[in-house]
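J.: These are the residues of each chain, in order.
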Amino acid sequence: MNYFHEGFVWLNDPLNWTNPGGMLDRLQEHLLISLWAVLLGCAIGWPLGIWLGHRGRGGGAVITFANLTLAVPTLALLTILPLTPLGFGKPPVVVALAVFAVPPLLANAYTGLRQIDPETRDAARGMGLSGGQLVRRVELPLSVPYLAAGLRTAAVQVVATAALAAFVNGGGLGEIISAGFGIGMSNGGGGQIVAGGIVVALLALLVEAVLAGVQRLVTPAALRTGRPSRPTAAAPAG
Amino acid sequence: MSFLSRGPAPAWPLAAPADGGPGNPWFSWRYVHDNASEILSALQFHAGLTARAVIIALIVALPLAVVSYWWRPLTGPILALSGILYTIPSLALLALVAPAVGTTSDTSVLIALVLYALLVLVRNALAGLTQVPAEVRDAAAGMGYGRLGRLWRIELPLALPGILTGLRLATVSTVALVTVGSLIGKGGLGEMILGGFRNNFYKAEIMTGTILCVGLALVLDLALAGLGRLLTPWARERAA
Numbered sequence: 000m001n002y003f004h005e006g007f008v009w010l011n012d013p014l015n016w017t018n019p020g021g022m023l024d025r026l027q028e029h030l031l032i033s034l035w036a037v038l039l040g041c042a043i044g045w046p047l048g049i050w051l052g053h054r055g056r057g058g059g060a061v062i063t064f065a066n067l068t069l070a071v072p073t074l075a076l077l078t079i080l081p082l083t084p085l086g087f088g089k090p091p092v093v094v095a096l097a098v099f100a101v102p103p104l105l106a107n108a109y110t111g112l113r114q115i116d117p118e119t120r121d122a123a124r125g126m127g128l129s130g131g132q133l134v135r136r137v138e139l140p141l142s143v144p145y146l147a148a149g150l151r152t153a154a155v156q157v158v159a160t161a162a163l164a165a166f167v168n169g170g171g172l173g174e175i176i177s178a179g180f181g182i183g184m185s186n187g188g189g190g191q192i193v194a195g196g197i198v199v200a201l202l203a204l205l206v207e208a209v210l211a212g213v214q215r216l217v218t219p220a221a222l223r224t225g226r227p228s229r230p231t232a233a234a235p236a237g
Numbered sequence: 000m001s002f003l004s005r006g007p008a009p010a011w012p013l014a015a016p017a018d019g020g021p022g023n024p025w026f027s028w029r030y031v032h033d034n035a036s037e038i039l040s041a042l043q044f045h046a047g048l049t050a051r052a053v054i055i056a057l058i059v060a061l062p063l064a065v066v067s068y069w070w071r072p073l074t075g076p077i078l079a080l081s082g083i084l085y086t087i088p089s090l091a092l093l094a095l096v097a098p099a100v101g102t103t104s105d106t107s108v109l110i111a112l113v114l115y116a117l118l119v120l121v122r123n124a125l126a127g128l129t130q131v132p133a134e135v136r137d138a139a140a141g142m143g144y145g146r147l148g149r150l151w152r153i154e155l156p157l158a159l160p161g162i163l164t165g166l167r168l169a170t171v172s173t174v175a176l177v178t179v180g181s182l183i184g185k186g187g188l189g190e191m192i193l194g195g196f197r198n199n200f201y202k203a204e205i206m207t208g209t210i211l212c213v214g215l216a217l218v219l220d221l222a223l224a225g226l227g228r229l230l231t232p233w234a235r236e237r238a239a
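Chains as they are written, first to last, in numbering that gives the first Met the number 0: chain A, 0 to 237; chain B, 0 to 239.
I should point out that these hints are in silico values taken from the structure, not numbers from a laboratory. Positions of the beta carbon are idealized from the N, C-alpha and C atoms, including for glycine. Please note: incorrect hints may appear among the correct ones.
One-sided and incomplete, this derived list gives chain B residues near chain A with beta-carbon spacing under 7 Å [to be verified]: (1) P76; (2) L80; (3) L84; (4) T86; (5) A94; (6) L95; (7) G101; (8) T102; (9) A175; (10) I192; (11) F196; (12) I205; (13) C212.
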């Protein structure tokens with residue numbers, strides 16, 4: 000547990016937080032990258048999932064796509080995208096992370112719309128609602144818990160995978176860890192590695208806890224029980 | 000001869016040119032041919048690490064699932080702990096494990112991989128066990144099966160689809176996760192992906208590593224799906 004002690008010593012040094020490229024800078028970078036990635040993922044995953052769920056088609060394709068992304072290493076996308084016209088810097092990192100945010104958002108949106116009782120849909124149609132009205136007034140409100148669950152899964156996964164951006168100098172908290180390896184174990188890098196690991200892990204757990212609270216808030220009381228909190232499990236960040 | 004590249008192929012550059020011109024194609028048979036032994040050893044390491052991780056995880060996960068199936072009060076804590084561990088990013092887990100275990104040893108990567116695979120396996124095995132119908136269990140008890148006999152002859156076979164789903168998920172995500180081991184130079188094919196990036200953005204090396212990685216995951220997934228069909232002939236008959 001010697002390294003854990005060194006890690007806490009490292010964390011207790013204020014300079015390690017306020018230095019340029021220190022923990023605070025990296026944290027801000029990490030959150031910014033994650034935010035854009037999740038927003039991009041939402042912009043793609045939600046409309047597509049809602050549309051497919053509304054039409055009631057493409058379920059097989061959604062599952063296949065989600066399973067396929069499970070097999071693609073994050074590292075591969077992180078290294079390939081900068082070599083495409085996207086160029087270097089933050090955009091390829093954001094796109095790479097967004098690719099892994101889409102499956103949980105898409106799958107949960109689809110499931111959320113499909114799990115609605117068909118009788119409810121029939122009743123809404125019988126009342127004369129058009130397709131668009133049906134989506135806005137009936138289907139979307141009823142699938143809010145699923146959309147929230149998807150957002151939570153995707154956000155936690157993005158925050159976790161954003162650490163891998165350090166492999167391609169993409170910034171974020173992973174830089175603290177890789178810089179620790181750069182210093183080397185014999186020169187006291189171990190403390191910094193462990194400190195980076197602790198902060199990244201805590202950040203992921205914090206995001207998970209906050210979004211679990213959000214998910215609970217937006218779920219109507221009547222829907223809170225008898226439903227798994229996570230219809231689609233997250234994949235470990237690879 | 001380089002695939003996808005135009006014009007006469009010059010003497011092959013040690014590092015790819017940075018301009019991404021014709022000398023740096025996305026895929027090149029020449030690269031595969033010239034580096035066959037390195038590629039094979041990376042693939043072998045990758046597959047071996049995946050196999051070790053999944054097998055160890057399976058050996059630990061099944062008893063855990065059975066224990067929490069027999070003593071239901073344990074289910075909550077085991078699943079909650081698995082949820083928390085699952086949330087911890089792979090890079091963070093590796094950064095916490097590696098300094099203690101050894102920053103040059105693949106045991107560090109193995110431990111992280113086993114932990115992730117463990118959680119998927121326990122969850123799915125438990126789900127498989129709990130959805131064995133109560134009537135089936137009663138019937139088995141009525142036929143005189145003891146607790147162990149019932150588990151071995153009735154419940155585990157009926158939970159096989161759940162266990163196999165977990166095994167497939169765990170295998171596919173483990174193949175992708177091994178690449179994170181590049182942090183300590185034990186990433187198998189991830190070493191090729193990252194190596195190509197560092198080697199002046201050598202696209203052919205990156206792409207070969209990526210294709211092999213995805214291919215390995217798909218092949219293992221299909222193999223396990225086939226194994227599942229062999230092991231559960233009753234499910235096939237019902238579907239047909």
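J.: Quick one: which hint numbers does this structure break? Sort them smallest to largest.
T.: Structure breaks hints 1, 2, 3 and 7.
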